[in-house]
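Participant: Residues per chain, in single letters:
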Amino acid sequence: MVDFGGWEMPIQYSGILEEHRVVRSSVGLFDVSHMGEIDICGPEAGDLTDFVTTNHARRLHIGQIQYSGLLYPHGGYVDDILVHKVAEDHYFLCVNASNQEKDFEHIRSHNRFDARVELTSDEYTQLAVQGPRAVETLQKVTPAELGSFRYYWFRDDEVAGVPARIARTGYTGEDGFEIYFAPSESERVWNELLVAGSEFGIKPCGLGARNTLRLESGYPLYGHELDASLTPVEAGLGSFCKFGKGDFVGRDALLRQKENGLTRALFGFEMCGRAIARDSCEVYFEGAPAGWVTSGSPSPTLNKNVGMCYLPSDRVSGPGQPIQVMIRSQLVDAVTVQLPFYKRPR
Amino acid sequence: MYPDNFRYSKEHEWVRLDGETATIGITDHAQEELGDIVYVDLPKPGAKVEQGKTLGTVESVKAVSEIYSPINGEVVEINPALADAPEKLNEDPHGEAWLVKVRVEGQAPLDQLMSAAEYQSYIGAEE
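Protein chains in written order, with numbering that gives the first Met the number 0: chain A, 0 to 345; chain B, 0 to 126.
A few of these clues could be false.
Pairs of lysine-lysine residues, derived as BS3-like cross-links and limited to a Cα-Cα distance of at most 25 Å, are as follows [unchecked claim]: (1) B:K52 to A:K303; (2) A:K241 to A:K101; (3) B:K43 to B:K87; (4) B:K9 to B:K52; (5) B:K43 to A:K303; (6) B:K9 to B:K87.
What the simulated footprint calls covered on chain B by chain A, stretch by stretch (three residues with Cβ under 8 Å from a Cβ of chain A suffice, anywhere in the stretch; the number is not a length) [unchecked claim]: (7) 32-42; (8) 56-68.
Covered stretches of chain A (chain B as the covering partner; in silico rule of three or more C-beta atoms under 8 Å from a C-beta of chain B) [as the list claims (entries may be wrong)]: (9) 70-79; (10) 220-232.
What the hints contain is simulated information worked out from the structure, not anything from laboratory work.
Idealized CB from N, CA, C, for every residue including glycine.
Construct the complete structure from the given sequences, taking the supplied hints into account.
Facilitator: Given below as structure tokens:
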């Protein structure tokens, strides 16, 4: 067990590789209750949400979800988040565990609208059912017609008899659902999902597999690919910034950065040998230090050692570029590759 | 589980002495704590190793862990199977998946290491 923002979280239950593989091949169950939730309500809830996030919240339909970012005025990340539109006057944000208080204060500090901001993390447990058999598993314990859920849409219904928000989202690169409900029912819903998935060989999955799965899918993790010194443009997430929607916090800084040209960008890479690059290892390009590893790990699906790193975008262009990673005082060969490392077959 | 003819270190290595050759590995407890092992970095034959100093590294999916040499000596052989099959360390850490063989220099400090019974109560207390 590790302490994760005050939560006792298992890195693994049966083993990271086994858990990773069951999510790619069948179905896995994650307890992600540490994630934070923020509700924004009121007549101008949409205006506030749009002012503090990069994506276009008001353009969402009711029941639709979008990936978005909270930025500082200088363009760096406060957090990366999911925005759910519950009603015209109600937006529901899922935020990173260790950022929740900071996010809440940040949003409140920009609230010059007729809207209320509430940190509601204590009201929700979050479980994630992920993998190609996620629909069949969850369908056994919910009356909601899961086949009709589109990706990045949600509905409020019931799971195991418990009122729940069911969202077709995830952080694994597989099909699946994230379910939000009252913490008092956590154990019962968890157990019923394990029973429902038993015929598919469902396994409880920990933070370790969550990390290898998201890395293979090229998803950023706050504190690694994203932080206060890095912008969405540098992280390759410019398409989640809607400059046409009107002003938002960080907008001017991003526009200036786009105009002046980028000095660094996020790249995927693959190790040439068996060594594994780890977070914050130095990356060399053309024989000189040029950047750093943000995440590095074996990829169980590809059976290669992969990672993401920041490199000077004016000098390094695209995949196929030879780089070196400093691992325990030795330079080890690697090569830049296209992100994501893994895409699920459709 | 823990062979009686091994001696054990606090850093979870084991040593088996045959004449002046010592075979070194990591314990079952160590592999269990590390989880799925995916990479093993060992010194080359001829390298000198020193008691308490780093001998190599073992990496699991999530963690990098140093291996410390329990004795002084010179590496005479490394386990050739581990480069391509590091997962053997999870399967048979006390047998097939030994790490290195070392020619012992001086008197092996076996009295500074634990017996199987002592090691088991040591890891029992650690948990």
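Participant: All the hints need checking, so say for each whether the structure fits it.
Facilitator: Against the structure, the hints:
Taken as a hint, the K52 of chain B and K303 of chain A pair is broken in the structure, with Cα atoms around 30 Å apart against an allowance of 25 Å. Our distance criterion of 25 Å between C-alpha atoms is met by K241 of chain A and K101 of chain A, whose separation comes to about 23 Å. Only pairs whose Cα atoms come within 25 Å are accepted, and K43 of chain B paired with K87 of chain B is accepted, the gap being roughly 20 Å. Taking the CA atoms of K9 of chain B and K52 of chain B, the gap is near 13 Å; set against the 25 Å cutoff, the hint holds.
Restraint check for K43 of chain B and K303 of chain A: satisfied, since their Cα atoms lie roughly 24 Å apart, inside the 25 Å limit. Restraint check: the Cα-Cα separation between K9 of chain B and K87 of chain B comes to about 22 Å, which is no more than 25 Å; the hinted pair holds. Counting residues of the region 32-42 of chain B whose beta-carbon sits less than 8 Å from any beta-carbon of chain A gives 5, enough to reach three: the coverage restraint holds. Note: the region 56-68 of chain B has 6 residues with beta-carbon separation from chain A under 8 Å; the three-residue rule is met and the coverage holds.
Only residues whose beta carbon comes within less than 8 Å of a beta carbon in chain B count, and the region 70-79 of chain A has 0; fewer than three means the coverage is violated. With a cut-off of 8 Å between beta carbons, the region 220-232 of chain A has 0 residues touching chain B; three or more are needed, and the interface restraint is violated.
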